[in-house]
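Trainee: Start from chain A and add chain B according to the hints.
For reference, the chains in residue letters:
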Amino acid sequence: MSSNALIRILRDRRFLRGACPKVILLLVVANIAVLHWKSSMAEERRANLTVGDVKALNQSNRYDYTFGEDLLATWSGIPDATKNHLVVLSGMSQMFTINEPQPEDQRISEELDDRLSPRGVRVYGLAAPNLCNEEALFLLLALLEQPQTTPRSFIYGVCFDKFRNIDLRPGYMTFLQAKPHLVAAWKQTAEEYRVKYPLAADKMLQTLRDLHSEEEHDRPANSVCEKALRDFVSTGIPIVAERKELNAFIQGRLYVFRNSLLGLKNTSKRPIIRTRYDMNRQFLELIIDVSKRAGVQFIAYIIPLNPLADNPYIPREYEEFKTWIEGLAIARSVPFANLENLVPTEEWGMFMGGPDFKHFKGAAHRRVASKLEQEFGSLLTSSANSEVAP
Amino acid sequence: MIFTSYTYVAFLTAVFLLYWSVPVSWRKPLLIGASYIFYCSWRWEFGFLLLGVSLYNWFYGRWVLPRWPSLPTLLFGVGVNLTPLVYYKYSGFLIQNAAAVAHWFGSGWTPPAMSILLPLGISFFSFQGIAYLVDVVTGEEPLVRLSDFLLFKSFWPQLIAGPIIRIHEMRQQLETPRQLDYEDLSFGCQRILFGFFKKVVLADNLAPIVDMVFLSKGTANALDASVGILGFGMQIYFDFSAYSDIAIGSARLFGYRFPENFNWPYAAASPQEFWNRWHMTLSSWIRDYVFTPLTFLSRNRPALGLLWLVVAMALCGLWHGAQWTFVVWGIWHGILLAGNQMIRQGMSPRPAGRSGGQFRWQLLLAAIFTFIVANLGWVFFRAESLQQSWNLLVSIFTLHGGIRPAIVRENGVLLVGAVFIAMMAAYSMHKTWTRWTQQSALGLRAWEFLRPIVYALAILCVIVFDREAKTFVYFQF
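These protein sequence lines map, in sequence, to chains A and B.
Going by the working numbering, the residue at position 202 of the first sequence is 202; the numbering climbs one at a time, nothing skipped.
Take any residue in the second sequence, count from 1 to its spot, add 1000: that is its number in the working numbering.
Just chain A, same shape as in the assembly (with noise of 0.2 Å):
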């Protein structure tokens, strides 16, 4: 008797002819679309991400292949930097995006790294799509936590639209839950500038809280459980699988429709967002004294900008930043260079169907490369730098 529900409602017509069976077979029809489309969704995602192919690249370990995706994986490819003077290199898209690439191309730290390693300086490149300064922050926080990851320069690549975002990106998150040394870190540092720059110290213990908030209501053993089952769902289940392409891909569609239904553009004029932008600045800032008390040489620069692009940046409220951030390096002693008109016009690529305004061909990495060397040669080679001293 005991089991006759269950076969009554399997020998039940309603459940034979009703929705259960079709939702079943429309399933079974996506998962096979999935199949089909993996390629081209994959493409979408690393288009979304502009990043280029990571299985192509994972040969190298001169830079994070994953882009902020999964750090953990990456982080043992940093050269030892009690071996040799390490720089890294870190900042948004530009800095691994190459457009158009052709098969000898790399990217700013591999070119760096190819110019400075004879001088026994290595540069490893630490960027990812859109990384904010927060994520900057907690890059530098992180690579302080061992003798072995510690810079001897920082040179950070800095993007005005960027100070409109906030938050550390889920790759971040996990890696700073499987470091309880850098949690206590990023605890510390936020407690220690809360009055001098709230706004940031603020968002940081935010993150914190993000970050327990998840670990209270989910025990390792539940989230061990979990992670498994998912991986155990996804090899037998495209959709699963491709979960977060299928993401991308529905994002991208998403993108596109509420341009056209808005008649945006990617160059549409964007205006600051207060809150956002002055959170930055003091993330910003807090990176020049978390650098100095450490003895690493922290190096900003403006990124290169498409002459022939318009971009989305409000004329008054982009001088004001550039002033702001000379006046800072000024004021901060710290080295810095504006390499806003750096690349020529025929170096820069296309983007959705228009002049890409901030990532560039193979040809500008070279040549990026080429003026920071140029620029702060001296100071990433040297072998002592009284300036910086803790």
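Be careful, since some hints might not be right.
Stated by the list, open to error - In silico lysine-lysine, BS3-like type, Cα no more than 27 Å apart, as pairs: (1) B:1217 to A:187; (2) B:1217 to A:322; (3) B:1431 to A:22.
Think of the hints as simulated: they come from the structure by calculation, not from any bench.
None of these values were measured; they are calculated from a predicted model.
Mentor: Okay, now just chain B, sitting in the frame of chain A:
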């Protein structure tokens, strides 16, 4: 174990198959065991608390109250139920406020730092225990079998965040073997799927935008505050009603029928109607076990009725969290309900001489008003402090910053707006759609055709928009 996790789906499937495969006599112990596994998967230590409270209530209801059905006996029983709730949930709040009062009188006493972890669902199972004892005293037969009572208290779909089930709703279901038919299975799966969709696709995607506004230490512009408040109003509705959907659906898979907890609350045309549609099991609990006894005690002074309404709602607010913001939220709703009560006393359902069209416009205006005041109330509910609530309200009413955001990105504004329009559109259409599919052969055929597509799309959305099992808002209460 979060309802919208893969672990829960696996757990539910396994218990479902096992439950309907074992002999009838094994089913109840199986459900009790599964419920404790569910609860202990978070913190096993608190399983003992749940068991202790359950044994106490069963014993007290079975052996003590029937013999000594007096008010002191009842109050003692209620007090014991409240003790863990007060300790775990309110001790920090009480001590902090005592310190503030002491400070006011010049004392330099600093309260000790307290870090007490709140057991999941304690507010719900405490209220359930209190209701059980009160019901027994007022004539409800106590549950005789311990297994019935353990299942009543611990049945996992309602354990963490309701619906708050009362004994008269469960007695017959507990005492007779459950059956499962196609309708139960279909209904259960459908409700679970809708719950997943509301939580994973809607609530979890609204949450980051809301958090930006309420967790930012910067000054919010009017647009940020409006987006944050409207976004939170929708987030908590989708989040909590999703939990209720999954709870009701899960219970139905085992043959148990739970009361509904939500009924399009944002379509309410008055604050009173809002509370008849929002968290219905809590509002009826507050009405029956707080408001009614208070008004009964002061039955000779009817003017106090409105005051008790405010008091009852303030307690309802305090139940949600040990912060003054929640109390103010409760008082806000208490005042709205009291005002509603006063207006209603002088009104007939449809004023004479008004046409149906005019009445509909009035209803629409009343619904808009109710929507606005209910959402304004969420400011207190979600804000970190009363100061923040005030700042956000000031931003809105002074139109601070015009139409430019200072915190939320433009896409956040668009998303909140789009979800709001979709929710309103869904409400506008659902009655017509339901009537059409029920009364017309064409409508029925259309629904038969569309249903699998809707379900499949919902499943796909849940998989694709999944943010890896985010906890429910009501888990904190």
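Trainee: If a hint holds in the structure, say so; if it does not, say that too.
Mentor: Hint-by-hint comparison with the structure:
no.: 1; hint: B:1217 to A:187; in the structure: holds, 17 Å
no.: 2; hint: B:1217 to A:322; in the structure: holds, 25 Å
no.: 3; hint: B:1431 to A:22; in the structure: holds, 26 Å
In terms of the numbered hints stated before, the structure departs from none.
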